[in-house]
Amino acid sequence: MSFDKIDNIENTSIQHGELSNRVYIMSLDSKNTSKIIEIVENLARSNEYTKIIVKVPERSVKEFIANDYIEEAQIPDMFHGVETGYFMCKYYDEARRIDKNKDYIDEILDESLKVNKKSKKEKREIKIRKIEKMTNEDITDMIQLYSQVFESYPFPITNQDYIAITMHEQVDYYGVRIKGKLVAIASAECDYDSNYAELTDFGVLQDYRQQGLAGQLLEAMEKDLKEKDILTYFTIARAKSIGMNKTFSNNKYTYAGTLVNNTNIAGEIESMNVWYKSVNQNF
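Read left to right, the sequence shown gives residues 2 to 284 (the numbering used here).
Where hints are given, some of them may not hold.
Simulated pairs of lysine-lysine, BS3-like, Cα-Cα distance not exceeding 27 Å [stated by the list, open to error]: (1) Lys-241 x Lys-91; (2) Lys-103 x Lys-241; (3) Lys-134 x Lys-224; (4) Lys-224 x Lys-278; (5) Lys-115 x Lys-224; (6) Lys-227 x Lys-247; (7) Lys-253 x Lys-229; (8) Lys-6 x Lys-131; (9) Lys-91 x Lys-115; (10) Lys-32 x Lys-131; (11) Lys-36 x Lys-91; (12) Lys-253 x Lys-278; (13) Lys-134 x Lys-36; (14) Lys-6 x Lys-128; (15) Lys-253 x Lys-224; (16) Lys-180 x Lys-224; (17) Lys-180 x Lys-229; (18) Lys-278 x Lys-227; (19) Lys-241 x Lys-101; (20) Lys-227 x Lys-134; (21) Lys-115 x Lys-229; (22) Lys-247 x Lys-182; (23) Lys-115 x Lys-253; (24) Lys-103 x Lys-278; (25) Lys-128 x Lys-103; (26) Lys-131 x Lys-253; (27) Lys-247 x Lys-131; (28) Lys-128 x Lys-115; (29) Lys-134 x Lys-247; (30) Lys-128 x Lys-224; (31) Lys-101 x Lys-91; (32) Lys-182 x Lys-134; (33) Lys-227 x Lys-253; (34) Lys-180 x Lys-134; (35) Lys-229 x Lys-241; (36) Lys-128 x Lys-247; (37) Lys-131 x Lys-63; (38) Lys-278 x Lys-134.
Source of the hints: derived by calculation from the structure; they are not laboratory data.
These numbers were taken from a predicted model, which means no experiment stands behind them.
Start from the sequences, fold in the hints, and give me the full structure.
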């Protein structure tokens, strides 16, 4: 499995590469916005990437708009619980602006936005599992699970060093074991400087799906994050995944927008839906 690279340029974290054919500003130093825009646009042109996607605080949005970026998603109170966050983008290929599966992903979104109508009986039938915090001893099993679930992925989650480093820096990994076998996993990537977390890397083995495991992982992560002064949670979920979109909708997350043809995951570049939950709005 190949991955795009991550660089730190001018105190800004940037992912780019041929896999997702894009530049992604994951964490922007807003004091260097103008310089960063110039750098990433040169990077995109020189490598013939077809999209730039940026995650930025409201204070930097005007500079991106002035450089022909458009908004694809918006998360209120994302930064420090008070400042709106934006996903802004710029396309270098008009064809990438249009998702050929738009009608299908619109149907999935509409279905996901409906109030969860499961009966109390159906909810009781979901067996509650023990959620474990992953450690170094779990990394081999984590890699095996991710290798089975994802044909491709934007980050090197099947690389032992990557998981070990992120585990000891800013990412908490959680898993479910059934009879000793790791069958489901997810992670919370925390930005403690800005008081938000991305809930991501959800993977459930095929034989263990539709058992509510992703939802249980989500609830466990939220419970821990409440104690860490994290004020906003968000996810970037595959727009074609009815299961993941329903998981977040049913857990009172708000739809924030769709990142069109954004991420190479499960073997091809797909559109991604952004969902969020704010302490100020939903708890």
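Hints versus structure:
no.	hint	verdict
1	Lys-241 x Lys-91	holds, 22 Å
2	Lys-103 x Lys-241	holds, 10 Å
3	Lys-134 x Lys-224	holds, 13 Å
4	Lys-224 x Lys-278	holds, 13 Å
5	Lys-115 x Lys-224	holds, 25 Å
6	Lys-227 x Lys-247	holds, 22 Å
7	Lys-253 x Lys-229	holds, 20 Å
8	Lys-6 x Lys-131	violated, 35 Å
9	Lys-91 x Lys-115	violated, 31 Å
10	Lys-32 x Lys-131	violated, 44 Å
11	Lys-36 x Lys-91	holds, 16 Å
12	Lys-253 x Lys-278	holds, 7 Å
13	Lys-134 x Lys-36	violated, 40 Å
14	Lys-6 x Lys-128	violated, 39 Å
15	Lys-253 x Lys-224	holds, 14 Å
16	Lys-180 x Lys-224	holds, 25 Å
17	Lys-180 x Lys-229	violated, 31 Å
18	Lys-278 x Lys-227	holds, 12 Å
19	Lys-241 x Lys-101	holds, 12 Å
20	Lys-227 x Lys-134	holds, 16 Å
21	Lys-115 x Lys-229	violated, 31 Å
22	Lys-247 x Lys-182	holds, 26 Å
23	Lys-115 x Lys-253	holds, 11 Å
24	Lys-103 x Lys-278	holds, 25 Å
25	Lys-128 x Lys-103	violated, 35 Å
26	Lys-131 x Lys-253	holds, 22 Å
27	Lys-247 x Lys-131	holds, 22 Å
28	Lys-128 x Lys-115	holds, 24 Å
29	Lys-134 x Lys-247	holds, 24 Å
30	Lys-128 x Lys-224	holds, 19 Å
31	Lys-101 x Lys-91	holds, 19 Å
32	Lys-182 x Lys-134	holds, 14 Å
33	Lys-227 x Lys-253	holds, 16 Å
34	Lys-180 x Lys-134	holds, 17 Å
35	Lys-229 x Lys-241	violated, 32 Å
36	Lys-128 x Lys-247	holds, 18 Å
37	Lys-131 x Lys-63	violated, 46 Å
38	Lys-278 x Lys-134	holds, 22 Å
Comparing the model with each earlier hint shows violations of hints 8, 9, 10, 13, 14, 17, 21, 25, 35 and 37; every other hint is respected.
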